[in-house]
Amino acid sequence: MTERPEGSIADLRKAVTDRWLDFFLGLAGLGSLVLVWWVGSRTTTFVPSIAEVVSSIPEFVREEEIWPDVLATVRRVFGALAIAMVTGFGAAYVMSRGGLWGQVVDRYVSLMLGIPSTIAALLALFIFKRSEVGVYFVVAIITFPFVALTLLQGLRAADRRLDEMSDVYRFPMTAHVRHVAGPHLVPYTFAALRNEYAHAWKVVVLAELFAVNTGMGARFARAFDRFLLVDAMLWLLVFMVILLGTEYLLILPVERRVLRWRGSGQVSA
Amino acid sequence: MRPELPTPAGPEGNGDYIRVEGLRVSYDGTTLALADLDLVASRGDFVAVLGPSGCGKSTLLHAMSGVLQPQAGEIEIGGHAVQGSMGSDAPLIGYVFQDHRLLPWRTVAQNISIVLHAAGVPRAEIESRIDRYLKMLQIDRLRDAWPMRLSGGQRQRVSIARALALQPAVVLMDEPFSTLDEVTARLMRQQLAELWRESSQTIVFVTHSIREALFLANRVYVLTKGPARVMEVVDIPIERPRRYEDPRLTDLEGQIVDRVMSVWGYGEPESEPTHKERQ
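Residue numbers (the numbering used here), protein chains in the order written: chain A, 9 to 277; chain B, 673 to 951.
Check the hints yourself; a few may be wrong.
Using C-beta positions, here's what the derived DEER-type ranges look like [stated by the list, open to error]: (1) A/L20 with B/R815: 20 to 30 Å; (2) B/E854 with A/G39: 52 to 62 Å; (3) A/L258 with B/M820: 37 to 47 Å; (4) B/R804 with A/L20: 49 to 59 Å; (5) A/V266 with B/A796: 21 to 31 Å; (6) B/D771 with A/A36: 14 to 24 Å; (7) A/A165 with B/S850: 22 to 32 Å; (8) A/A166 with B/R815: 22 to 32 Å.
Read the hints as simulated data drawn from the structure, not as lab findings.
Cβ atoms here follow ideal geometry from the backbone N, Cα and C, with glycine treated the same way.
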């Protein structure tokens with residue numbers, strides 16, 4: 009017995025068209041940014057020209073002392089994000105269980121959601137002085153409530169029918185976590201990771217402005233203090249290249265691979 | 673005037689492999705879903721449980737699978753009481769749900785292998801069983817496909833392959849074809865009847881379709897509207913292979929419709945004498 013395949017050629021054609029459309033829209037967006045930069049450099053005194061910045065890139069990337077700062081920031085982003093993900097999952101789990109502790113954690117998460125990044129950075133400066141721990145603290149405390157809320161949605165949306173199936177077939181707890189509960193949370197984990205990854209980059213730079221003398225945030229501050237606008241622009245470019253590069257070349261491909269089961273179109277038997 | 677429905681010898685027949693006695697289930701402690709329900713099936717039997725939507729048919733299967741604890745009554749399968757953990761020597765139970773309940777993030781083969789692995793099937797045997805049952809259900813080409821890319825009929829066939837690959841003593845089927853289009857459902861009923869004839873598995877098949885129950889089963893338990901109790905037990909004395917359009921099935925169907933009309937549609941279930949009371 010066979011069932012007809014549905015729309016395989018049409019699906020492929022649509023996918024190719026969509027990809028090209030995405031590419032051109034992306035290119036148009038980038039072009040508009042360059043245009044805004046060009047207009048800014050022509051009409052103000054504090055935006056350096058595109059040519060000036062582009063011509064400084066080779067010399068800038070050859071400077072050996074920029075890379076330790078870049079690496080320090082990358083390390084802080086990934087470290088703090090790992091802490092935020094683990095704490096966020098713990099908080100989401102406790103909230104999903106309800107009860108007294110669920111209520112307590114829920115209040116903490118709500119409170120943390122309302123703390124501005126600048127205040128958190130100043131608090132960290134008071135509490136940890138100018139130490140590395142302060143940066144991790146700020147990034148983790150700002151990002152973890154968002155992680156918790158996204159994962160809480162995932163926990164609440166758990167498919168009870170699949171739980172029932174695993175009960176009927178007497179899955180052991182490890183098999184249930186590995187094959188049912190865990191994979192269900194993966195899309196939510198990626199959503200939290202992607203959102204908070206960009207957020208963490210923005211917060212880490214702010215924390216580095218206040219709390220430490222190393223990292224890209226500290227280098228931004230130094231460039232502005234000395235009114236080195238080309239340097240500030242170059243650091244901004246490095247920031248954007250790393251942020252977007254890791255997101256598009258690392259996180260998105262991994263997400264696409266892990267969630268490949270969500271593809272569309274039917275197959276014939 | 674229609675002839676009398678053929679009635680079975682009675683629930684205390686010899687060699688009962690499945691024995692459900694006085695089963696009483698309530699979800700909230702006050703509203704009964706199942707009221708003193710009895711059911712028996714011998715080894716290799718095909719029993720259909722027929723009842724209107726929402727009468728408690730699925731609840732019966734839940735209780736029989738051991739995931740639902742009844743308030744009263746006994747369920748025995750192969751001499752083992754069904755209650756939570758049944759012990760390692762207890763007969764395996766396969767379950768086909770109304771919706772396929774496949775793990776969308778695992779391929780067709782993985783969906784089957786996970787269940788076999790959880791049931792303790794030796795690793796070396798798992799692959800051969802997957803191949804065998806996928807071939808049996810004519811879906812071996814879909815081995816590495818993701819469930820979301822399959823049609824409803826294909827998914828349900830994977831779900832059946834998953835249940836059968838376990839080589840269970842009993843397969844519980846909860847309206848497995850009710851969400852499929854009529855043509856696919858007919859093909860699958862035919863295929864299920866053939867698979868059952870080739871195997872020695874005992875099947876308890878829940879449905880609200882009278883024709884489906886009569887076509888597939890040896891014996892049909894007709895339930896009342898909720899709370900479900902057995903209203904009628906009908907043996908189907910029609911040789912196999914059966915034709916879905918067999919006029920004898922049409923005749924039996926008419927008799928059952930006459931009987932259940934008032935109970936399922938307009939009458940009060942309490943006013944209808946149960947199978948036990950009639951005996």
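> Tell me, which hint numbers fail for this structure?
Replying inline: 3, 4, 6
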